[in-house]
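Asker: With the sequences and hints as input, model every part of the structure.
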Amino acid sequence: MARHAVILFFSTNYAIWASDELKRAGIPFKMIPVPRHLSSDCGACLRVEKADTGRVEALLKAQSIDYDRCEDLPASQ
Amino acid sequence: MNESAGGRLIIYFDNAATSFPKPPGVIDAVVHFMTSAGGNPGRSGHPLSVAAGEIVFAARKAVARLFGVANPMHVIFTANATTALNLAIQGITRQGDHVITTSMEHNSVIRPLVEMERQGRIILSIVPCSPEGIIDMRALEKTVMAETRVMVVNHASNVAGTVQPLVEIGAFCRKRGIILIADCAQSAGIIDISVEEECVDLLAFSGHKGLYGPTGTGGLVIAENFDASRLSPLIFGGTGSFSDKPVQPPFLPDRFESGTLNAAGISGLGAGISYLLDAYPGGLKGVRVHKERLVNCFHEKAARDLKGYIACVPAPQVKTGVVSFNLRMRSPSEVARILAGEYGIMSRAGLHCAPLAHRTMSTFPHGTVRFGFGIFNTEEEIGIAVSALKAIEERND
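These protein sequence lines map, in sequence, to chains A and B.
Following this note's numbering, the numbering of the first sequence begins with -3 at its first residue and continues without gaps.
Following this note's numbering, the numbering of the second sequence begins with 2 at its first residue and continues without gaps.
Read the hints as simulated data drawn from the structure, not as lab findings.
No experiment lies behind these values; they were computed from the predicted model shown.
There may be inaccurate statements among the hints.
To be verified - Derived DMTMM-like pairs: lysine to aspartate or glutamate, alpha-carbon spacing no greater than 25 Å straight-line:
#1 A:K26 to B:E55
#2 B:K62 to A:D16
#3 B:K176 to B:D98
#4 A:K57 to A:E45
#5 A:K57 to B:E55
#6 A:K57 to B:E225
#7 B:K246 to A:E67
#8 A:K57 to B:D228
Said to hold, decoys possible - To give an idea of the chain A side of the interface with chain B (calculated C-beta under 8 Å), a few residues:
#9 M(-3)
#10 A(-2)
#11 T8
#12 I12
#13 D16
#14 I28
#15 P29
#16 A40
#17 S60
Unchecked claim - Rough simulated footprint, nothing fancy, chain A against chain B, three-plus residues with beta-carbon under 8 Å:
#18 42 to 53
#19 70 to 76
#20 240 to 246
The C-beta atom is built at its ideal place from N, Cα and C for all residues, glycine as well.
Answerer: Given below as structure tokens:
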């Protein structure tokens, strides 16, 4: 089972905005280059704990931060 | 007083053109960007690109905070206020629109409007203002037609230092469904402006004047309740997003930020705004109080000591630290030349890219000498300047 998930964005502007909000909310994350098996227009994405995806997505929606999608990250990555 | 590159003491009174000196944090922020971040914001996932993106985002948030906008993506960075005004004016008007502006506008507004009128794209009306530069609201009322779709207004005059009643104009436009573009090049960083409260749809600002950022910075703020899809980009190209598609991305700010941003400059702009809001004593109110004190000090000393002093606007009406004046029997360019050459006092003479405003103030075609006071100017410097003007007045050449 995946331990991490990634949030993909249409633009790095939104990835950085999201990281700012996650930081403020105290939700752990890491900004990483988009994994090669996923395609995204944006070069960076946010890796979060799989268990946090629900509250991360809720936070992004509450702040009107547009994002592309949330994908599980294989355990090897 | 500042020391110039040649070691000479100078007094800088040309802050309405661009502010100088900049607060230390601004220079540090630019150096930090150039030495520690340095990547291209929004283009890659590597640490230097992300660091650059974070710096630009912080500046975006600072601008949003300044103008009372919650969503930082509604801040579009441009090279200057002129570029932002062209984006707003050319991007929002449609064939056959009636556009209203005022007789106090800068060429950054008048020239694109007149060019569009010349091309037959719009019908243009210019509403008269008082000699102090305040709009005639009754004339505005009479100017509105069924086709009126856009109004462009200079918030604070770069010549008179007076401020238009933006709340009143905003309410007037909102009631009639007219899109309001505000040119806040001279008011940003001095006057409190809330895009929402003042019913402004598109707000253009300069980053290097009252916000104390480096030259090459400015932007356009799009009101959150304004449908940004109504605004067409002027520049198309790479945004680091939507790269698989041959069309411009629909979302903000990417839609209007093609090409690499002046990220080093924007880094400094963010620091400039933070300095004004968080470090300068009293914040924006403190800036206003300081500038009004300098304007009053100059008017009092000049009126007392100079026989040929002609003030263009009474001191109480000047709100942004800009004073325009003349010395009887001396041309403005001559006064400015002697002030700079012999006394190290930097001012600006002539028409200040605002011939319409000078016509309104009856100072066309020779213009005026303009002192634009900044946050680092002092009453002592004003005393020195008035003594210099007195000496110029008493010369026999």
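Asker: So which of the earlier hints does this model not fit?
Answerer: 9 and 10
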